[in-house]
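Peer 1: Generate coordinates for the entire structure from the input sequences, incorporating the hints supplied.
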Amino acid sequence: MTDNVIDLRSLSRAFGKKQALQNVTFSVPKGSVFGLVGENRAGKTTLLKHAFGLLKASSGSIAVFDLDPVQEPAAVLGRIGYLSEDRDLPTWMRVDQLMHYRSAFYPSWDHDYAKELVTMFDLDVKQRIRSLSRGQLARVGLLLAIAHRPELLLLDEPSSGLDPVVRRDILAAIIRTVADEGRTVLFSSHLLDEVQRVSDHVAMLHGGQLLLCDRLEAVLSQHSRWTIRLPDRIQVAPNIPGGVSCRGEGHEWSVVCNGRHEQFQRWLLEHNGKVIEQATPSLDEIFVARVGG
Amino acid sequence: MQIRISQNDGTPIYQQVVSQVRLLVSSGRLAEGQQLPAVRKLAEQLLINPNTVARAYRELESAGIVVSRRGSGVFVSDSCSPLSRREKNRILNDRIDALLAEAVQLDFDLENVVTLVRQRGLRFCKGEKK
Numbered sequence: 183m184t185d186n187v188i189d190l191r192s193l194s195r196a197f198g199k200k201q202a203l204q205n206v207t208f209s210v211p212k213g214s215v216f217g218l219v220g221e222n223r224a225g226k227t228t229l230l231k232h233a234f235g236l237l238k239a240s241s242g243s244i245a246v247f248d249l250d251p252v253q254e255p256a257a258v259l260g261r262i263g264y265l266s267e268d269r270d271l272p273t274w275m276r277v278d279q280l281m282h283y284r285s286a287f288y289p290s291w292d293h294d295y296a297k298e299l300v301t302m303f304d305l306d307v308k309q310r311i312r313s314l315s316r317g318q319l320a321r322v323g324l325l326l327a328i329a330h331r332p333e334l335l336l337l338d339e340p341s342s343g344l345d346p347v348v349r350r351d352i353l354a355a356i357i358r359t360v361a362d363e364g365r366t367v368l369f370s371s372h373l374l375d376e377v378q379r380v381s382d383h384v385a386m387l388h389g390g391q392l393l394l395c396d397r398l399e400a401v402l403s404q405h406s407r408w409t410i411r412l413p414d415r416i417q418v419a420p421n422i423p424g425g426v427s428c429r430g431e432g433h434e435w436s437v438v439c440n441g442r443h444e445q446f447q448r449w450l451l452e453h454n455g456k457v458i459e460q461a462t463p464s465l466d467e468i469f470v471a472r473v474g475g
Numbered sequence: 130m131q132i133r134i135s136q137n138d139g140t141p142i143y144q145q146v147v148s149q150v151r152l153l154v155s156s157g158r159l160a161e162g163q164q165l166p167a168v169r170k171l172a173e174q175l176l177i178n179p180n181t182v183a184r185a186y187r188e189l190e191s192a193g194i195v196v197s198r199r200g201s202g203v204f205v206s207d208s209c210s211p212l213s214r215r216e217k218n219r220i221l222n223d224r225i226d227a228l229l230a231e232a233v234q235l236d237f238d239l240e241n242v243v244t245l246v247r248q249r250g251l252r253f254c255k256g257e258k259k
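As you go down the protein sequences, you meet chains A and B in turn. Quick note on numbering: the first sequence equals residues 183 to 475 in this note's numbering. Quick note on numbering: the second sequence equals residues 130 to 259 in this note's numbering.
One thing to keep in mind: the hints can contain errors.
[Said to hold, decoys possible] Straight-line C-alpha distance at most 30 Å; calculated DSSO-like pairs for lysine-lysine:
id, chain 1, residue 1, chain 2, residue 2
1, A, K297, A, K308
2, A, K231, A, K297
3, B, K170, A, K297
4, A, K212, A, K231
5, A, K297, A, K212
6, B, K255, A, K212
None of these hints come from the bench; they were simulated from the model.
Peer 2: This is the structure in structure tokens:
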């Protein structure tokens with residue numbers, strides 16, 4: 183038994199000619215809030231679907247609770263709560279019917295907790311799924327994902343397209359889940375400020391490949407952002423050794439560095455540049471630098 | 130206990146919690162012996178990772194600002210008042226450093242800054258009396 187809830191080893195997956203995941207290896211430690219970030223079609227949904235046993239690894243492997251979710255769904259899926267990106271709930275059911283139906287699958291379904299969530303989320307259980315607003319639909323999906331108090335919560339873009347009030351509910355649910363001893367959350371998101379707020383680990387996917395994966399704190403502290411002023415006006419971003427990205431125009435440029443920045447400082451000295459500001463970049467800035475750079 | 134987390138400055142979230150609790154304690158808004166919210170509750174309130182709150186509390190504890198009593202929670206420590214003066218200085222010094230850094234950027238020398246502070250101070254005091 184390891185301390186990891188999910189273990190990916192050289193996981194690859196192709197859909198026809200499109201390589202959705204390429205040789206991805208990382209682990210999700212028990213008790214962590216793990217943020218999965220990347221552009222659209224970077225492979226986030228494909229990865230989460232593998233963890234929930236909806237897709238089979240075409241090469242490499244994925245283990246959840248040390249088990250293969252495709253081979254042993256009964257032993258794995260009951261311990262997972264999953265919220266898919268498109269929610270895919272049966273539109274013709276009423277909320278209470280759907281809750282009843284779902285509770286039958288999970289021996290650990292907590293009826294009191296479910297009731298508590300209905301009140302907290304201000305849901306009308308007699309409403310049909312099809313008539314729910316986008317925000318209420320997200321809350322129902324969330325309720326169904328957490329009412330059996332899963333050991334692992336998988337959320338695919340839980341906040342996208344939602345108003346701030348619903349986003350708060352979702353973040354609070356993530357925090358509540360992980361605050362319960364030993365529970366783990368893996369979620370994908372575009373909203374990097376949210377990821378930076380709640381995660382302790384982060385993995386960045388780009389074009390199906392793992393760009394970086396570490397403790398959030400390490401990711402933040404390894405990167406640095408420099409605002410520099412150069413003596414000459416230049417129009418094209420200079421190619422700075424040790425810099426992951428360089429943006430700006432004319433005299434002033436903003437450089438994001440990863441890790442050692444001695445090379446960058448040497449370059450700056452050689453070009454008579456001056457440091458105006460040095461700061462720790464946000465996860466958002468690091469993402470843009472790494473992916474858009 | 131009102132704490133605001135800002136993600137625009139590069140300060141790590143746990144440090145923001147630490148410095149704001151310090152401020153609340155030295156300004157008396159958190160009194161000696163007062164209980165702080167439980168880790169989980171504060172995490173839910175601020176929408177931040179519980180480990181971040183736990184880390185901030187540990188840091189506050191090793192700085193002697195709070196004490197954690199097993200089983201009952203985290204409290205503002207009784208011996209906080211002697212620290213308070215130093216603590217207040219520390220908080221203000223941080224702000225002064227930021228001001229000075231900006232002043233250098235704008236080509237002000239120390240004398241200019243002091244003069245400006247004095248002028249603003251006079252205006253500020255007048256405003257207070259009204």
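Peer 1: All the hints need checking, so say for each whether the structure fits it.
Peer 2: Results of checking the hints against the structure:
1. A:K297 x A:K308: Holds: K297 (chain A) and K308 (chain A) sit about 13 Å apart, inside 30 Å.
2. A:K231 x A:K297: 28 Å, holds
3. B:K170 x A:K297: Holds, at about 20 Å.
4. A:K212 x A:K231: This hinted pair holds, its Cα atoms lying about 19 Å apart.
5. A:K297 x A:K212: Holds: K297 (chain A) and K212 (chain A) sit about 28 Å apart, inside 30 Å.
6. B:K255 x A:K212: Given pair K255 (chain B), K212 (chain A) is violated - Cα atoms ~58 Å apart, limit 30 Å.
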